[in-house]
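Chemist: Let the hints inform the model, and build the full structure from the sequences given.
There are 2 protein chains.
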Amino acid sequence: MKSESLAPFPATHLGNELRALSAAIESPHARPVRTASTAHEIEDLLEASNGPGTMDFESYMERRLLPLTNFEFNLNDARYIGHMTGPMPHYMPSIAANNIAVNANVVKVETSNSFTRLERHVAAQLHSYFFQAPIPKQAVYDPSKTYGIFTVGGTAANETAIWLAKNTLLDDARSDVKCSLDGLSAALQSRGYKGARIITSSLGHYSMSKIADIIGIGERGLIQVSVDASGQMSLPGLEAAISECRRQQHAVLAVVALAGATETGSIDDLKSIGTLCAREGIHFHVDAAFGGALRFSANHGQLLDGIENAATITLCAHKALRCPLGLSAVIIRDPAQAATIEKSSRYIIRSGSADLGRRSAEGSRPANVVYLDARLQIDGPKKIGEEIDYSIALTKNLAQTIVTRPEFQLIGTPTMQVLNYVYLPSHCRHTGLTSENSAEISAFTRKIQESLMRSFVSRTTLSHVADFSVDVFRVVLLNPETGPAALDEMLDDQVNLGAILEASNHAN
Amino acid sequence: MKSESLAPFPATHLGNELRALSAAIESPHARPVRTASTAHEIEDLLEASNGPGTMDFESYMERRLLPLTNFEFNLNDARYIGHMTGPMPHYMPSIAANNIAVNANVVKVETSNSFTRLERHVAAQLHSYFFQAPIPKQAVYDPSKTYGIFTVGGTAANETAIWLAKNTLLDDARSDVKCSLDGLSAALQSRGYKGARIITSSLGHYSMSKIADIIGIGERGLIQVSVDASGQMSLPGLEAAISECRRQQHAVLAVVALAGATETGSIDDLKSIGTLCAREGIHFHVDAAFGGALRFSANHGQLLDGIENAATITLCAHKALRCPLGLSAVIIRDPAQAATIEKSSRYIIRSGSADLGRRSAEGSRPANVVYLDARLQIDGPKKIGEEIDYSIALTKNLAQTIVTRPEFQLIGTPTMQVLNYVYLPSHCRHTGLTSENSAEISAFTRKIQESLMRSFVSRTTLSHVADFSVDVFRVVLLNPETGPAALDEMLDDQVNLGAILEASNHAN
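Taken in order, these protein sequences are the chains called A and B.
Sequential numbering from 52 applies to the first sequence in the working numbering.
Sequential numbering from 52 applies to the second sequence in the working numbering.
Source of the hints: derived by calculation from the structure; they are not laboratory data.
Check the hints yourself; a few may be wrong.
Said to hold, decoys possible - Simulated coverage check for chain B against chain A, where a stretch passes if three residues somewhere in it have a Cβ under 8 Å from a Cβ of chain A: (1) 119-128; (2) 154-161; (3) 204-218; (4) 261-270; (5) 323-331; (6) 484-495.
As the list claims (entries may be wrong) - In silico DSSO-like pairs for lysine-lysine, Cα to Cα no more than 27 Å straight-line: (7) A:Lys229 / B:Lys434; (8) A:Lys433 / A:Lys322; (9) B:Lys229 / B:Lys245; (10) B:Lys498 / B:Lys188; (11) B:Lys229 / A:Lys229; (12) B:Lys447 / B:Lys433; (13) B:Lys229 / B:Lys394; (14) B:Lys229 / A:Lys245; (15) A:Lys498 / A:Lys322; (16) B:Lys394 / A:Lys498; (17) B:Lys447 / B:Lys188; (18) A:Lys245 / A:Lys229; (19) A:Lys188 / A:Lys434; (20) A:Lys447 / A:Lys433; (21) B:Lys245 / A:Lys245.
Stated by the list, open to error - With beta-carbon atoms standing in for the labels, derived distance ranges: (22) B:Pro194 / A:Arg497: 39 to 49 Å; (23) A:Pro457 / B:Arg114: 54 to 64 Å; (24) A:Gly352 / B:Ser502: 28 to 38 Å; (25) A:Phe519 / B:Asp193: 29 to 39 Å; (26) A:Arg114 / B:Pro194: 24 to 34 Å.
The beta-carbon is built from N, C-alpha and C at its ideal position, and this holds for glycine as well.
Modeler: Below, the structure is given as structure tokens:
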């Protein structure tokens, strides 16, 4: 074979491609924040540009990839304030190009000599940030120690934490029957349990339902404790749930507290929950997928007080830390604990080796950790913390603005960079949101959210802020380029859309 | 904030960075296939270049990323023939740069308008390749249909397949007790089962042990049927295993056949296993992580005959299809079946929506599917198939060469691009490998594999080729630039290393 067209990296080729591409992506503000395109337009493009497999790279870019890209949301736009993904720091595409050219597989040292070690290095750094104890160099690279396990996303990180918790509790010395070997049912029975439960709050991430199903306790094995009006897990509710598990002889695999609920950004009382878990001997997991980034903030780091008592912490570097997607981790307080999920094989992942795949729910995977390392080395913890402080200040500023504008009602009080509010149709402005007008206000939320084109906010349905459910706008502020002007423009657009909708309702 | 340093993509910046980077990575052959560096050298570099977070991009590249890269294996070298990752097609780094700049999250249409649709489009193409039935356009994008679920790797794809199989069997109408809601134990009991099992062969991937542990049947719930000398799962062994499960009232969640065993490349008798599974009403999963690529081959596609009867198929695009790491899929014959693992939430992944996260073990994740789309559009199925045909021909050629050289013994007969052999020390050349000399030959394998510097092969331990275990070399041919000369050079190097070791053993 060895034909030119199949050869990797013809020397003169790559430079030209990257130069062509850099021209295409170096004007990131050219795209709108969102397009009005329909699913059909995208599907038609996909079908029309679908060829027999003989395009050259330039045609692929021109006819398929860049047109598809033009349909995507523009995260670089200051008015993209909708979800937990932010604009990329300027150096990320270049690092991605290097990563993909090297294509190191961090499952084992025999396919990644250095990035496997980088992963241990960065995991130990994260461990130090959260547990505030420096780790000596020889311990960082010690194969018997696991400070963190990187995963593609928060769901897999939460799953890994629950797996760890399950095996720690149910492979223990109380019985020779081991969960890892003999299965959940036998391990529970041999220890006198009649079932197993996971406890989280009603604002817990939907990944917990997936995990409850996958690990075999079923969705009904997930107990969702109610939250108070601030979105925090009820402590009496948690105590009652634990008592009920004890009474029913259900093992509690883990209590999952939230540090930055996806819908509201609320942070559970980590100190109190940690104390309760310690007293009860329950694995304390903190889903800090979004909020863990607060650890870098000088002004707001104390919001995470108590996280240092967690057994495991989920952090998504692709959320508030603004790394590319595909980079989460579960950080593990006890570096020996991951031995309970260890598996090995003969051809790779050899027992006793430094192979990362020994202790991971995933196998082969890319060295995405480089993105986080670059962020920590180039921007650094201080600047990352300043970004977060800026976004939180901007969020509080937006909350103030909303409070002063009669067309809106703030829902809850923002803890971090997430904020909820509703538009009030004119005739609701005297009473504000009530059980009587909640359906109408919810309909306005949905219509305005879908029609808003110059900005992008998301929406959700909240049921803990009153004794009824209501659809609310959900703003997530991550972009350091977003300022008060962009937010004012968004509010003005929403007021205009609301007025048009009101007029249209009136006419009908 | 809006400070210049935090702004994403300063227009003049990115072009310069990509230009700098392209200069750094456009000479991919400059690095050796592997380095003699020790773990300590890498760790020292990591510690020495670890700063307070104030590096600029150029310094980061110069002081940290490129030195780390220089320690990595060079997959572009024709003599890297060790593992199941190949050199990247020339356009991949450019596509990666675009992907990371866009940072689309394919978990839902509200964060990825077009790449979520691209994922459906490519999943339907893969479905057509494997199940050989064209899918009408309106069905491709129908949210109620799921032709495939993309995952970071083969482990997650296998896990998703087992999850599907579990819920299909144990959420069925035989009982109101549902596995997804009430848990594995209750669902089994209500259907008259006393336990659950997964059946695979003794060459099954180690991910199956992880999955058995995670889903709660325990590693002992994984039955590993013996293989014959060719590496194929024993059919009488499989029948006996199923009978034993029936006798013990154990539910069989799935039979997992291999299409390209990781250690040997052997392919199970998919036709017969599929017939057996159909007769017994058992979910038939094919782990074709590596071997699924044969579907593109005109000459060897028939090796996969019977795969079209699988309920689910795991395929890793980052293996024989030479896409970047992080891109696997489980392809699902019945597009309605994934409803059994569906979860939704209020803020995203809305019920009935086209959101991909509704039916996936993963949540937020990158649009890695673009890499496979590019491969299919630019190189195309025909050229991909020719690559595979070339590599298989080269493998068979290498087998011939090994047979004719007295210093080596071929172990097994290669089915596809994986080949096993051993070095025979001089005094073993008359008898070949025997139970008496297997420990010595294994020691030679280990030492030669670790010492070989101009090429990189891997090794494994096989126990099915004789009535004893032996460590063997494992060659995986994926690089279209690899030719007979590179392989001859590798064999010569191994002979030289073997002679040095023999002399050294003699001297001791």
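Chemist: Confirm or reject each hint.
Modeler: Here is what the structure says about each hint:
1. 119-128: holds (count 7)
2. 154-161: holds (count 5)
3. 204-218: holds (count 7)
4. 261-270: holds (count 8)
5. 323-331: violated (count 0)
6. 484-495: violated (count 0)
7. A:Lys229 / B:Lys434: 50 Å, violated
8. A:Lys433 / A:Lys322: Holds. Lys433 of chain A to Lys322 of chain A sits at ~25 Å (cutoff 27 Å).
9. B:Lys229 / B:Lys245: 16 Å, holds
10. B:Lys498 / B:Lys188: Given that 27 Å is the threshold and the Cα spacing comes to 55 Å, the pair is violated.
11. B:Lys229 / A:Lys229: The hint holds at about 25 Å.
12. B:Lys447 / B:Lys433: Judged against 27 Å, a Cα distance of about 21 Å means the pair holds.
13. B:Lys229 / B:Lys394: 14 Å, holds
14. B:Lys229 / A:Lys245: OK: Lys229 of chain B and Lys245 of chain A at ~17 Å, within 27 Å.
15. A:Lys498 / A:Lys322: Outside the cut-off at roughly 40 Å; violated.
16. B:Lys394 / A:Lys498: Satisfied, since the Cα-Cα distance of roughly 24 Å is no more than 27 Å.
17. B:Lys447 / B:Lys188: Distance of about 41 Å is beyond 27 Å: violated.
18. A:Lys245 / A:Lys229: 16 Å, holds
19. A:Lys188 / A:Lys434: It holds: about 25 Å lies between the C-alpha atoms, which stays within 27 Å.
20. A:Lys447 / A:Lys433: Holds, at about 21 Å.
21. B:Lys245 / A:Lys245: 16 Å, holds
22. B:Pro194 / A:Arg497: 39 to 49 Å: Since Pro194 of chain B and Arg497 of chain A have Cβ atoms about 18 Å apart, the given range 39 to 49 Å is violated.
23. A:Pro457 / B:Arg114: 54 to 64 Å: 56 Å, holds
24. A:Gly352 / B:Ser502: 28 to 38 Å: Hint violated: Cβ distance 50 Å, outside 28 to 38 Å.
25. A:Phe519 / B:Asp193: 29 to 39 Å: Holds - the Cβ-Cβ distance for Phe519 of chain A and Asp193 of chain B, about 34 Å, lies within 29 to 39 Å.
26. A:Arg114 / B:Pro194: 24 to 34 Å: 26 Å, holds
Figure legend: structure checked against the earlier numbered hints; hints not met, in rising order: 5, 6, 7, 10, 15, 17, 22 and 24.
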